[in-house]
Structure formats: C-alpha cells, structure tokens
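Position chain V against the provided structure of chain W, taking the given hints into account.
If you read the protein sequences in the order shown, they are chains W and V. Residue numbers for the first sequence follow full-length UniProt numbering, so the first one is 1 and each next one is one higher. Residue numbers for the second sequence follow full-length UniProt numbering, so the first one is 1 and each next one is one higher.
No lab work stands behind these hints, which were simulated from the structure alone. Each hint should be verified, as a subset may be incorrect.
Straight-line Cα separation of at most 25 Å, SDA-like style, residue types lysine to any residue; simulated pairs [claimed, not checked]:
{"hint": "1", "chain 1": "W", "residue 1": "K167", "chain 2": "V", "residue 2": "R269"}
{"hint": "2", "chain 1": "W", "residue 1": "K143", "chain 2": "V", "residue 2": "A22"}
{"hint": "3", "chain 1": "W", "residue 1": "K143", "chain 2": "V", "residue 2": "R33"}
Heads up, incomplete: computed chain W residues facing chain V, CB under 8 Å, no partners named [unchecked claim]:
{"hint": "4", "residue": "V39"}
{"hint": "5", "residue": "F42"}
{"hint": "6", "residue": "V45"}
{"hint": "7", "residue": "V128"}
{"hint": "8", "residue": "R141"}
Please read these numbers as outputs of a predicted model, since none were measured by experiment. Even for Gly, the Cβ is constructed at its ideal location relative to N, Cα and C.
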Amino acid sequence: MAQKTPTSDPLSTRPGSARRILPGAEPEKVPAIQVSGLVKTFGAVTAVNGIDFTVPAGQTVALLGGNGAGKTTTISMLLGLLQPSAGTIRLFGEDLASRRHYLLPRMNFSSPYVELPHRLTVRQNLEVFARLYGLLDRAVRIKAVVEELELRALADRRVGTLSAGQKTRVALAKAMLNLPELLLLDEPTASLDPDTADWVRAYLEGYQARHGAAILLASHNMGEVERLADHVLMMRQGCIVDAGAPQDLIERYSRQNLEEVFLDIARDRRAGFSAGRGEADLLSGGPPSDRDIGPN
Amino acid sequence: MTADRHMSATPRFRDSALSRIAAMVLRHFYVLRTSWPRLIEMAYWPTMQMIIWGFFSTFLYAHSSWLANAFGVLISAVMLWDVLFRSQLGFSLSFLEELWSRNLANLFCSPLRPIEHIAALIVMALVRALIGVLPAMLLAIPFYGYSIFSMGLPLGAFFFNLLIMGCGLGLIVSAMILRFGLAAENLAWFLVFMLAPISCVYYPVEVLPDWLRVISWSLPSTYVFEGMRGVLFDHVFRWDYFAASIGLNALLMSVGLGIYLYAFALARRRGLLLQVGE
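Just chain W, with the same shape it has in the complex:
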C-alpha cells in the first residue's frame, strides 16, 4: 500500500467542485477515475452537486460523509447504474458514457446492500459471474478466490443461508473474480465482526499491493479509512467540502483522529461556515484555522 504522508489540500476552485489531483500519483499513469462537474438531481433534490476529483491508479481514496451526503450516488454513477444529470466521468482515460461496456470488465463492485441470488450456492453465483465477466479459466479462478476469501466451507451452501458477514465475504469474492483494476466498495466491512473486518482490510491491502488496483471506498468506519485510504474526500450535501490525506486532515483540524474531523464537518462545526460561503472559503482559503474550527 502506498505510504500515507500528510499533505495540504492540493487545490480548489469552486464550491464543491475543486479538482483534486491526489498526491503520490505517477504522472505517466492514466488515472483510474477522473470526475468533472458531476451532478445528480432527483427532481428538486440535488444529491451530488458538481463534484470533481481524480483517483490515481494504484491508490485508495475514501468517500466520507454522513447519510445522504452523496457517496452511494457517486459510486452508482461511476458504475454506470445511475446516469449523471451533468458532468463527465472518465475511467482509465476513457469516457464512461460512451465506453461503459468496454470499461466494466476492468472494474468491480461490492456492497452489502446489493445481494446475490439467495437460491444459488456460493459456487454457482461465482460461476455465473465468472461467465458474465468473460473469464476463461473459471474453475481455477473460482478456486483461487474461494481459498483467498476462506469460503471453502461455504462454497456449496446457498447464499440465502449465510450470515450477513459471510454474505459480505461472498460479495467480495464476486468483486475479485475479474482481478479488477478499479474496485468500488460501499461499506465493505459493514456487518462484519472486528476480527473478520480486520481480515478483510488486510486482504484489500494485500490485493492492492499485489495488483496495483485503485480502490474507491465509501465507509462510515473512520478507523478503516485511516488504515486503508491514501486520500479522503469529505462529502456533505452532495459537495466535496474538504479533502486530503487522513493524517493531514487530522492535523489541519487539530483533532485526534478522523472521526473527530468527520464530526466537525458533518455537524458543520466551523465558525462562519454557511451555505453561502462555507465551501468556497474552505476550499479556496487553505486549511481552516483554529478559529474556524471549534466545538459548538
């Protein structure tokens, strides 16, 4: 995993849409994700409000924010499950809107909220998805992911009979079948006990180290984000209101950990932060001062 070094927020231009070229990227590598001016509205509700960001190849970026901040909506648009109202998404340098079916085999997705068919066994599910992803050596690959994710004892059990944690591991196995270059994970350790969650995080770190995959992670688990993410995008009300390496954010907010930073942002504990000026000032004005951040 790439070393996480404290850095200042790269740059910003306009509220909620500052383009962020994340530090540590190899300049010759095409970014895994380039998002520009991304907007999603549902009627009068703006779920994602003009966000811009880049995820370099081989890095882990976390989307953090409270419920309804726009994280899952953003991931859904990156998967092509949801059509943006405006803006562009480029994956591996190619336009998602026009090249979706050529890009999807290079990525995968896992979420505890999207289930696999309950009546099929774990092995049957993996067989179906291995075929969907066009894998030729299916038996070899399925055996590999079953062993890696320690699913051998569950392989011939129906998914509907598994516990929530076991289902999460099966969903992760599905997501690993095609050796994705880009992995989109929506709360990958939700419903897992601490031991299994720690194991999954170690697995993700190992996978990234071996394959150089980019990971975009939406999570409410701050410890997980601090451990896995090279960079964090803080979302609030559909906008990216701050960004940086986890340690950098902690230092800038003068907090002990990322959870406290998250609470500052989620509860809008910044003097003078208002809908009219907050995001623009925060993003363009550099790190907030102690005066700007404080308990209520």
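Positioned in the frame of chain W, the structure of chain V alone reads:
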C-alpha cells in the same frame, strides 16, 4: 484468519455476448434444477387444463357436429394457449427473479448488456414453456388417443409465434415492473388473460361482434388459433395467417423492446436499478 495468500493464477478473458447469455440461462437453470416443486407446478396447470378439456371434448364429441369434425380442436387450443401464457410468464418471472433477489445492480455493473439479458429471458421463456406444456401434450396421447404432434410442422409455426408473442408481452410487463417496481408484479399473471377472449382460443372470430373483430385481428394469437382450426378442420396451413402473425409479432417485439429499453434508461436516470426489490 490470515489474508496474505496470493492469487494463484492470472486469468484470461474473452468478450463474448453468447457467454454472457449462457451465464444468465445457467443462473436460472441452477434455480430450476434445485426446485422440483416449481417444476411440478409449471407442468401441473397445463396438465389439469388438458384433462378437463379432454373430458369436455369427449362429451361434446358425441353431441356436437362441429367438434365431431375435429376431436382435438379444444385440447389443441388449450395447450397452445398455455404455450402463450407459459412463455409470457417464463419471461416475466425470470426477470422478476432478479428483483426478488435484489441482483439487478450486480448484473448491470457487470459487462452484461440489456439486450443480452433479454436474449437470456427469451431462452428461459422457451424452456419454461416446454417444461409446462410438453408433459400435457404427451399425456394427451394415452389419455384421449389424441396427439397434438399429428399437426406436423404447422405446430412448430404456431408454437414459435406464440412464444414470440409471449416474449413481447413479457418485455412490456418487465418494462412496467422496472418503471413502477414490484407493485406492477401482478401484470405478469393477468395481462395475457386480458387477451384471451379476443384471441378466439376456443371459438372462431365470427363469434365476436364486428367492432371487436377488428381488435381481435390485430393480435398475432388470433391468426395462430384460426390457423390451428384451419389445419384441424380443413387440413390446410394458412400461409397468409402465418405471415400476418409473424408481421404482428415483429411489431409487438419492436414496441416491447422500445418500451423496455426506454424503461431501462429511465431506471438508470432515476436510480431504480439500485432500489427495486423486495
């Protein structure tokens, strides 16, 4: 638990629409293979229908000059009607399976294209229709000494047209479910029955009032059942009816496909692919 094992092999890939269609067929095959109550249920109703209409035909055979000319006309009609019903149901239920299991998002963030999904649903409509009506067709031979297969090649033409019509209706039902969610699920069960009276399954089109005949002749199924009676009573295969049925089915499939793809695009705009489910 340890997490430091390494990938044992570098996989190879092939971009193949056929492989993806086969994957979806396999997914439904897995469900059917392990669910014998479903298999029995699929064959149960067509067989019961065949038995009831078989006894009714036996009774009418002695009391009706019309039926005396072709004993198997009612049994054939009920079995062909089940081809239409079962294929529509097979298409729609296979689609609903994905919603019930909340699997649509997994499918459509994979390389599967909507048109490949539809192709797999058509295969499943054929499989489910065969599972449903084939036992009834075979049992009619020992029960009543009547073989629907005595119609010969025209039976294949009728079967094909009813299968395609069932899939066209299945596309419309699936589109409605995508658009309105599982609240529209019951359409899968009753839509096709709305067409039964005007498809003239058991009686000729002449029975209908003039204004209703116009509507009746706009359905592919009407040409199939009139064509069936032509074969059984007059021993003539009506190519004109066959051509009309093919043409109307092409139109129905085009409209169904258009509505489905529109509903799919709408679902992508509104985020319904992530939300629909139990």
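Hint check results:
1. K167/W to R269/V: 29 Å, violated
2. K143/W to A22/V: Since the Cα atoms of K143/W and A22/V sit roughly 21 Å apart, the hinted pair holds (cutoff 25 Å).
3. K143/W to R33/V: Judged against 25 Å, a Cα distance of about 23 Å means the pair holds.
4. V39: It is violated, given that the least Cβ distance between V39/W and chain V is near 13 Å, above 8 Å.
5. F42: 7 Å, holds
6. V45: At about 11 Å, which exceeds the 8 Å cut-off, the nearest Cβ of chain V leaves the hint on V45/W violated.
7. V128: OK, holds: V128/W within 8 Å of chain V, min 5 Å.
8. R141: 5 Å, holds
The structure fails hints 1, 4, 6 (numbered hints given earlier, in ascending order).
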